[in-house]
Amino acid sequence: MKFKRAWSLLAAMTLGVGLLAGCGQEGKDGASGGKDGDEIKIGVNLELSGAVASYGTSEADGIQLAVDEINKDGGIDGKKIKLVKIDNKSDAAEATNAAIKLTTQENVVAIIGAATSGATVAQAQIANDNKTPLISPSGTSPTVTVNEKGEVNEYVFRTSFIDPFQGTVAANFAANDLGVKNVAIFSDNASDYSKGLASSFKEDFEKAGGKIVAEESYVAKDSDFRSTLTRIKSANPEFIFIPGYYEEVGLIVKQAREMGINVPLMGADGWDSPILMDLAGADALNNTFTTNHYSSDDPDGAVKAFNDKFNEKYNKAPDAFNALGYDTVYLLKDAIERAGSADSTKIKDELAKTDGLDLVTGKYSVDENHHPIKSATILEYKDGEQVFNTKVNP
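Numbering (numbering that gives the first Met the number 0), first residue to last: 0 to 393.
Take these hints with a grain of salt, some might be off.
Said to hold, decoys possible - With a cut-off of at most 16 Å between alpha-carbon atoms, the simulated EDC-like pairs for lysine to aspartate or glutamate come out as follows:
{"#": "1", "residue 1": "K130", "residue 2": "D342"}
{"#": "2", "residue 1": "K332", "residue 2": "D342"}
{"#": "3", "residue 1": "K81", "residue 2": "E93"}
Source of the hints: derived by calculation from the structure; they are not laboratory data. From a predicted model like this one, the values you see are computed outputs, not experimental measurements.
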């Protein structure tokens with residue numbers, strides 16, 4: 000997921016971060032009490048309040064479930080995991096401050112979070128300077144792990160697939176599974192997440208022989224989309240791609256249906272929040288689809304086992320962000336075990352070598368850009384419920 004990027008903030012922070020980092024923390028060990036300590040400190044830097052708190056709180060629940068399981072089973076190499084949680088308030092500057100605290104004061108072995116791409120990018124320089132692995136469960140922008148100069152952020156990783164893959168999956172689904180030829184795109188022009196998905200979708204849909212009959216945009220925090228939807232309706236699309244966040248998407252879907260726009264609508268993982276249902280209503284969401292990381296209806300055995308454990312702890316079915324938070328802990332655990340140490344640099348090296356790790360959201364490998372190679376799931380909304388449609392392999 001992507002929040003507003005903060006490149007100016009990063010530039011302003013560079014000198015301060017460099018002073019805090021000193022000459023780096025070569026071989027930093029995150030076990031409390033030193034290498035012989037009985038705990039491994041892991042930072043959690045998530046959106047626990049603010050505009051996209053639904054994502055962060057869901058991931059925090061998944062993270063806690065995984066940590067409870069691991070600690071109950073004896074921890075990692077006999078050391079229990081200790082979480083140090085900080086709320087970044089859905090704000091890039093807050094995420095930066097949290098990362099500084101976690102790396103320079105708490106001396107964590109790694110950081111999990113943020114949920115959004117922008118708040119993760121805001122931490123990247125700090126993670127690199129302080130040699131602390133940073134793993135975003137759901138930061139889907141390519142810029143999370145590869146900066147604007149095309150350089151890989153050595154200490155930054157992600158659990159989710161990237162935006163271009165989602166756009167490609169959605170375009171192929173529209174063209175091949177739904178068989179539509181003429182589509183409209185309605186994106187958030189202030190969101191790099193939304194614009195990136197729209198660009199990828201357009202390119203791949205046109206490659207498949209389709210035609211974009213309308214391209215319109217909105218801005219986050221808009222609440223009345225009727226005039227723009229009127230223009231889209233006049234273009235007679237057979238399908239509308241709406242890559243955005245649930246707060247606006249819920250209202251767009253509701254207003255589109257009220258205006259008699261009954262064609263299939265589709266988005267990406269930014270739709271995935273219980274609040275979407277509250278905003279749009281169950282009837283309006285019928286005949287809508289999303290690309291996502293996970294479905295609780297997936298018949299895979301590992302998914303069912305996770306569902307049962309999550310439901311037992313929280314008395315509800317898990318969503319994709321719950322699953323990504325859970326998987327991120329196990330991704331980190333696997334790297335620590337292969338490193339044979341809580342040494343941050345060694346953990347980073349092993350994260351980069353991950354190949355074929357079985358996780359709830361699919362088999363996980365990482366490429367040279369620290370982008371995961373993994374499956375995507377297509378979900379459909381039916382009568383207020385997310386229903387598994389199909390799984391698409393890379």
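Going through the hints against the structure:
1. K130 - D342: holds, 10 Å
2. K332 - D342: Answer holds: K332 to D342 is near 13 Å, not above 16 Å.
3. K81 - E93: It is violated: about 22 Å lies between the C-alpha atoms, which goes past 16 Å.
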